[in-house]
Each structure stands twice: as C-alpha cells, then as structure tokens.
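Number of protein chains: 2
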Amino acid sequence: MELWYTEEWTDNVRFSIKTDRHLFSGKSEFQTVDVFESKEYGRFLTLDGLMMVTEKDEFIYHDMIVHVPMATNPNIKRALVIGGGDGGTVRELSRYSTIEKIDMVEIDKMVVDVSRDYIDICACKLDDSRVNLYYEDGVAFIKNSKDKSYDLIIVDSTDPVGPGEGLFSVDFYNDCYRVLSDDGILVNQNETPYFESYAREMKRANNKISSIFPITKVYQAHIPTYPSGHWLFGFASKKFDPIKDQNREAWESLNLKTKYYNSDIHVGAFMLPQYVKDMLNEDK
Amino acid sequence: MELWYTEEWTDNVRFSIKTDRHLFSGKSEFQTVDVFESKEYGRFLTLDGLMMVTEKDEFIYHDMIVHVPMATNPNIKRALVIGGGDGGTVRELSRYSTIEKIDMVEIDKMVVDVSRDYIDICACKLDDSRVNLYYEDGVAFIKNSKDKSYDLIIVDSTDPVGPGEGLFSVDFYNDCYRVLSDDGILVNQNETPYFESYAREMKRANNKISSIFPITKVYQAHIPTYPSGHWLFGFASKKFDPIKDQNREAWESLNLKTKYYNSDIHVGAFMLPQYVKDMLNEDK
Chain A
1 MELWYTEEWT DNVRFSIKTD RHLFSGKSEF QTVDVFESKE YGRFLTLDGL MMVTEKDEFI
61 YHDMIVHVPM ATNPNIKRAL VIGGGDGGTV RELSRYSTIE KIDMVEIDKM VVDVSRDYID
121 ICACKLDDSR VNLYYEDGVA FIKNSKDKSY DLIIVDSTDP VGPGEGLFSV DFYNDCYRVL
181 SDDGILVNQN ETPYFESYAR EMKRANNKIS SIFPITKVYQ AHIPTYPSGH WLFGFASKKF
241 DPIKDQNREA WESLNLKTKY YNSDIHVGAF MLPQYVKDML NEDK
Chain B
1 MELWYTEEWT DNVRFSIKTD RHLFSGKSEF QTVDVFESKE YGRFLTLDGL MMVTEKDEFI
61 YHDMIVHVPM ATNPNIKRAL VIGGGDGGTV RELSRYSTIE KIDMVEIDKM VVDVSRDYID
121 ICACKLDDSR VNLYYEDGVA FIKNSKDKSY DLIIVDSTDP VGPGEGLFSV DFYNDCYRVL
181 SDDGILVNQN ETPYFESYAR EMKRANNKIS SIFPITKVYQ AHIPTYPSGH WLFGFASKKF
241 DPIKDQNREA WESLNLKTKY YNSDIHVGAF MLPQYVKDML NEDK
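If you're matching them up, the sequences are chains A and B in order. Using full-length UniProt numbering, the letters of the first sequence map in sequence onto residues 1 to 284. Using full-length UniProt numbering, the letters of the second sequence map in sequence onto residues 1 to 284.
Hint data in this document are derived by calculation from the structure and do not stem from the laboratory. Be aware that a few hints might be false.
List time: in silico EDC-like cross-link candidates among lysine to aspartate or glutamate, alpha-carbon distance up to 20 angstroms [to be verified]: (1) B:277 / A:282; (2) B:39 / A:11; (3) A:39 / B:8; (4) A:257 / B:278; (5) A:143 / A:182; (6) B:257 / A:137; (7) A:18 / B:196; (8) B:18 / A:196; (9) A:109 / A:182; (10) A:18 / B:8; (11) B:259 / A:278; (12) B:244 / A:264; (13) A:39 / B:264; (14) A:148 / A:120; (15) A:217 / A:282; (16) A:109 / A:120; (17) B:203 / B:278; (18) A:18 / B:11; (19) A:244 / A:196; (20) A:217 / B:264.
The following residues of chain A were derived to be distant from chain B, with all beta-carbon distances above 10 angstroms [what the hints assert, rightly or not]: (21) 23; (22) 24; (23) 131; (24) 175; (25) 200.
Just so you know, even glycine gets a beta-carbon here, dropped at the ideal spot from N, CA and C.
Please take these sequences and the hints and turn them into a complete structure.
This is the structure we're talking about:
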C-alpha cells in the first residue's frame, strides 16, 4: 500500500508527497488540520489541504519572513505575529535577545496545540517568557491595539480565502500602519507570481499596502513546498528601505546560524524577475 | 476522462500536469520523446519522462542560460550549444546581432524535429543563417574541435544519466577549457540543490569545473517545472567574473525585451541561500 498526500496547486497542477503515516486529522471551528509523516519532508502540517510547514524546508520561509526586517532595523523591540500558529516565526524572532515582547495572535488554537504535539521544530519557543499568545482574530486584535504599539508586524497568514481573508483587507493594513511605531516595518507572506489566481491576490495586496505605506518592496524565496516554489513576501515600512538601510554589520555581529538567509541573499531576494516587476507596476 | 502527466521528482515526490492531448510520442535511438498539450503550461516536451520545456515558462531557463554570459562579455562572437535540441537557447543567442556563429550539437535529431513540429516558440530560430546544426555526440564533437574555437559554450543538457552523462565528466570540461578563447565562458545547467540525489550531481560537476577554470560561480533561477523549482546554473570562465565584469550598460543598450532576466536579477541570481553556499564549500 502507498499513501500519497496530493495538493492541488491549481485545477490543472498537482503536487504529491509519499507519506508514511497520517499522524493527526482534526476539524476546528475554522478549518481542517492534518499532520503527516514522510521520508522526503519529515513531518508536515496542512490546513484545509494546503501545505503550511514541513520539517525539511520550514527554515526557508521562517528565515526570510523574520531576518529580512530584523537585519534592516536591529532595534526592533516589540513584535506582533498575526497567524503563524506553527510557531516557526516566533522561534526565529526569539533568537534576538534585543526583542522584548512577541505577541502572537492565532485565530485557531488547534493549530498551535497540534504544532506543539507534532512539529516541535517550529513550536519549541512558544513558551519563551517574552511570548504572549492570543487565540483571537488578528483583524479584531489589531483594531483594538493602541497606536504605535509595535516596531514589527509579521502577517504569517494562510491564503486570502477562509480564516485568512480579512488579513488582506485595506482596513487591516490601515490598522497595521496605525499600530506601528515611526520605525515600524510590516512583512507579509504574499503568494506566488507564477499562477494567475495567486498572482491576482498578490497584486491586490500590494496595491493596498502601497497606498498606505511610503516604502513598499517585494522580495522572494525558493520555497519548494508552496505552489510553484516561487514565493513572495511584502515589505512595507514608514522609514526603512530594506536595501539602503540593511545593517549588515549589526546582523552579522549576532552570529546567528541560518540555513537560508544571509546578508547577500537579503539583497538578492529583492531582485525580481522582469515579469514580476511588470506585474507589480501594471496597476500603478 | 482526465489525462495527467506525472513526473517523479524523487521516489517520494510527484508533480502532475493535467493535459488535454498527448500530441507526440516517439522512441529515438537515445530516449523517448513526448509532447503534450495542457491548459496551464501550453505545450510541453519531455525526454524519458522528464520535463524539458513548457511554453509557459521556457523563457526563464533560456533567459538565464544565455543573457548572464552575454551581459558579462558582450563581445562573444562564436557560441557553441551542447544539447539544447528544443532550440530555445539558440533562439535567445540569435537575438544578439554581434554573434557571428552558433554551433549547436544535439545528439538526438528527433528532439530537434519534434521541437520544430510542435514547440515552434523554441525552435523558431534554428534556421538562422548563423546557426550550424550537428547531430552528434557533444563529447566527441568538442574533443575534435580546435583550440580556442569558441567564446561561449552553453551545456544545455539533460540530467547526468542516459545521453547526457558524458557532459558531466572531467574530460569533457577539460575539452571545454581547451576550445574556449582566453575570454571564454562556460555555462551549464546544474541541477537543484534541494533534493539529495540532484545536489550530489551538482556538487560533483562543480568540483570538476572548479579544478579546471580559474573563475567558477553558481547562480539560480525559479523554474517551477523542474524538480523543486529551484534550479542552478554553473558559470565558469578564464577571465570574466559575472558580477564584477557585468556590463550593464552594454546589455541595456541592446534593448532586448526579456521576461525573466534583467540587470538586477543578473546580480541577485548569484546570491545563494546559505545551505547552497555551504554545500558548494563542503568538499573544497
């Protein structure tokens, strides 16, 4: 017998992983949560049949969503993570001793519980004393947050359907702007440019963010377990440019060992293929 | 009825494309050749069940294998393409009016014939007056070539099993060095670092090339239809460094319209993830 996990990247494209065991399957108020064990990727977590993290390559996503803003402004002290229930983003943030507070707002407690039980590689720092977990809707949480409460907001969300939908709205981005300090940086996962339906959401999110923040850039990473493997992140800020203001020395002096991020790829990640640049410019 | 093309990226990972029609299937002396029609990727060509080119994204591979060396040394006049039977590499080379001669050595005439019949987007410049087609073994061809006959060699090969195997040997790379001019550049497709079996071949090829050429670098592109979508190229030369010697002005003055390559990604492509850098250094 063979057991294959198959994900529909589009109606016409599928990605399949041979699995050894289906370790967990549950239905929360918000979505279905599954964990599988596999030879190629180790354990992996899916939500509504979409890949969230694998033990093999979660480091790529988490490196790029955390170290790019941290190496741009090493003085970030108060961080807010929206989503990110697996804990990988918090784990990377917790490596910075200069960070004083990490608030994580995950709507679905089951994702956190399951990650603690099965994906310890990601969830291992959720009990750090600086971490505060809120099982709430990120949109409501940020609406109720005080002005300038955070130096960094990371939107570590699912796609803009289901529970993640509100995290792609203008109101939400406006609130992000309001609760960020004058030094503030917003980073969000931003889909793939390669498949049309994802690219449409990517452009929409970007247009909204660009209308609010003075500095907005898009960067990319090779994440082979996400559709197409070509994944984008949005970087928005009130003051810092991720290239001009990259603080190589400060970041390198921390001696953090990373498997994907380094000071060169920090720059290279912002150098986008022409078709992606054209996409980002076409609606402007 | 549904017809799916499925490729085994590893024993444990599969990538599948919904196809409308199986347009061609043939068995040459060297391999099986197939062409499919699909909604997501247009037509695509496979050899021994491995993806070679799709109409949707062939531009990524061909942009990156051609424009990186051409923007490093705009004085390239004599080019040799080993493999590349679909014609896409020749097509991109033919856009440079400064190139005087393009020799293409493809062992399998069926690949060229089928590409002419079905993948015209790639094969459309094979009749350019500067192009000479040789249906021969690339290893033997280069062994019999005179010293310093070419300014550029592009190894546009299949993986190092089957007909492509000799194109990953020390003897072959030594001959490449010998037949290149003092300005000469060698570019080769160099597998993915993400899956172990491919990464092993990538490292082996790199070690061999590094032992022969004074300047060797590795660069990457997002090619979603190749295993993992994270694909590498090797750049080796006798004199030119692809970053220090990049001739932005010369390349941009040509006003070539490209969908993936641009002067920024020329640089960014050489900025590799830490785990890839570590891999490349570990055997040195």
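Taking the hints in turn, this is what the structure says about them:
1. B:277 / A:282: Violated - the C-alpha atoms of residue 282 (chain A) and residue 277 (chain B) are around 35 angstroms apart, more than 20 angstroms.
2. B:39 / A:11: The hint holds at about 10 angstroms.
3. A:39 / B:8: holds, 15 angstroms
4. A:257 / B:278: holds, 12 angstroms
5. A:143 / A:182: Holds, at roughly 18 angstroms.
6. B:257 / A:137: violated, 45 angstroms
7. A:18 / B:196: holds, 16 angstroms
8. B:18 / A:196: With Cα atoms ~16 angstroms apart, residue 18 (chain B) and residue 196 (chain A) stay inside 20 angstroms; holds.
9. A:109 / A:182: violated, 32 angstroms
10. A:18 / B:8: holds, 11 angstroms
11. B:259 / A:278: holds, 9 angstroms
12. B:244 / A:264: holds, 15 angstroms
13. A:39 / B:264: violated, 37 angstroms
14. A:148 / A:120: violated, 33 angstroms
15. A:217 / A:282: Distance of about 15 angstroms is within 20 angstroms: holds.
16. A:109 / A:120: holds, 16 angstroms
17. B:203 / B:278: holds, 11 angstroms
18. A:18 / B:11: holds, 8 angstroms
19. A:244 / A:196: Between residue 244 (chain A) and residue 196 (chain A) the Cα gap is close to 31 angstroms, so the pair fails against 20 angstroms, i.e. violated.
20. A:217 / B:264: The given pair, whose Cα atoms are some 14 angstroms apart, holds under the 20 angstroms limit.
21. 23: For residue 23 (chain A), whose nearest Cβ neighbour in chain B is about 17 angstroms away, the distance exceeds 10 angstroms, so it holds.
22. 24: At roughly 20 angstroms from the nearest Cβ of chain B, residue 24 (chain A) sits farther out than 10 angstroms, so the non-interface label holds.
23. 131: holds, 26 angstroms
24. 175: holds, 33 angstroms
25. 200: Since the minimum Cβ distance to chain B is about 15 angstroms, residue 200 (chain A) lies beyond 10 angstroms and the statement holds.
Against the hints set out earlier in the document, violations occur for numbers 1, 6, 9, 13, 14, 19.
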